Every structure is written in structure tokens, then in C-alpha cells.
Amino acid sequence: DAKTTQPNSMESNEEEPVHLPCNHSTISGTDYIHWYRQLPSQGPEYVIHGLTSNVNNRMASLAIAEDRKSSTLILHRATLRDAAVYYCIPYTSGTYKYIFGTGTRLKVLA
Amino acid sequence: DTGVSQNPRHKITKRGQNVTFRCDPISEHNRLYWYRQTLGQGPEFLTYFQNEAQLEKSRLLSDRFSAERPKGSFSTLEIQRTEQGDSAMYLCASSRGYEGTDTQYFGPGTRLTVL
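So the protein sequences, as listed, match chains A and B.
Under our numbering, the first sequence is numbered contiguously, ending at residue 110.
Under our numbering, the second sequence is numbered contiguously, ending at residue 1115.
For reference, chain A alone in the conformation it holds in the complex (with noise of 0.2 Å):
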């Protein structure tokens, strides 16, 4: 299984961009890499996956290095509902589920 390394905690000033930092070094080809978030007495929460490409959706975008040992997830503006733990998790398709880590809390102060 791929490990993943994340900063603990980050914080954020509301509406400003705000950079998740994921490392995957030891990712495989053909593996997914996922974030999730997940809000305070809730389930983790999809938010956005890719491949090899930068992907984008109304959540957020999601830049992937070129040597895929690393992502970076991009809240464009954060508000105070983004104030969670997110997770980074590389899914290796077939194995059917989700290797989680600590992941990082992101603290939105207004």
C-alpha cells in the first residue's frame, strides 16, 4: 500500500486560497489518488480524484505532480464550512478499499 504524508494542521484566512500538500512517493502507475474531507461528527466527504492530470470541480482542484509522488489540493477561496480534517489516499484499483492516514485539519479563521 502507498503511504501518504501530510502536514498535521494548516490554517487558512477566509477567502484565500489555501494549498494542501500531499506526498505519495511510493505510489504505484496505475494508482488513483483521492481527497476526502471530513467535517466534524460526519463521514468523510468525497471531494475530488485524479490520475496524471490537473483536475478540476466545484470543490476544489487538484494538482498532480509529474513524477506523481506528490498533490497539492487547491480550495480557490476557503470559507468557514471548509474547516476539516482532509485526507489524501491513493486508491489502487481492485483492492476495493481506502488506505486512510491522519490526514490534514484545516483551520479557516475568519
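Computed far set for chain A versus chain B, every beta-carbon distance over 10 Å: (1) 11; (2) 12; (3) 15; (4) 19; (5) 23; (6) 54; (7) 83; (8) 108; (9) 110.
20 Å max Cα-Cα, derived EDC-like pairs, lysine to aspartate or glutamate: (10) 97/A with 1068/B; (11) 97/A with 1102/B; (12) 97/A with 1028/B; (13) 107/A with 82/A; (14) 1057/B with 1086/B; (15) 97/A with 1052/B; (16) 3/A with 66/A; (17) 1014/B with 1086/B; (18) 97/A with 1044/B; (19) 1011/B with 1078/B; (20) 1071/B with 1052/B; (21) 97/A with 1056/B; (22) 1057/B with 1044/B; (23) 107/A with 15/A; (24) 3/A with 67/A; (25) 97/A with 1024/B; (26) 3/A with 1044/B.
These are computed hints drawn from the structure, not numbers from a lab.
Here the structure is a predicted model, which means the values were calculated and not measured.
Don't be surprised by glycine CBs; every beta carbon is placed ideally from N, CA and C.
Dock chain B against chain A, hints included.
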């Protein structure tokens, strides 16, 4: 989609009692997963169903734990002779079953407290 639902949301029980949790996945999702999450940690995989077949079980799932998905729809997770170490959030997720990548959608969880 109405989302994944779990019941009950909270359960307090005494050590040694049996408890059962229910998960209703998103309709037409043929894969269903159970995870356990303790305070300050990320969720840990417990088991996985493809329709009604239980295809994988984690070593975390001791013989006191049993999960079923009798008709390939809802699932139950039973813990027998609960121990204080079983106190955790139990999360259920479901997915469509696409190859390549398969996004899992999580329910709100059942928080178990064993006294």
C-alpha cells in the same frame, strides 16, 4: 440519490452486550464497505461486500464481529460481547463498482460507546 444512511447514529452499551448497526447504501450501488474510526485517527477498513458476497475482511474484524448483506441491499454489522476497545465511530460507504477508480460515498456513521 438520498445518500448513505446509518442507524442508529449513537449507541451506548454496557460491556458484554451485543449491538447491531444498520447501513442503507445508495440505491443501485453494488459495493458496500464498513470502516471503523477512533478519535484522532483516519477510518480503518473492516470489510467489503460486492452485492451479497462478503469478499474481504480485515484482520481488525475479530470473531466477535459479523457483517451481512443478505439481499445485496442494506447491511448489518453486529458486535458480540462488546469491549471498551470497541468504542469508535463505525462508518459505512457504498460505491457503484466501476473498474479503474470507484468513488466511495460515506454515511454519517454510528458512534458506539461501550461503558
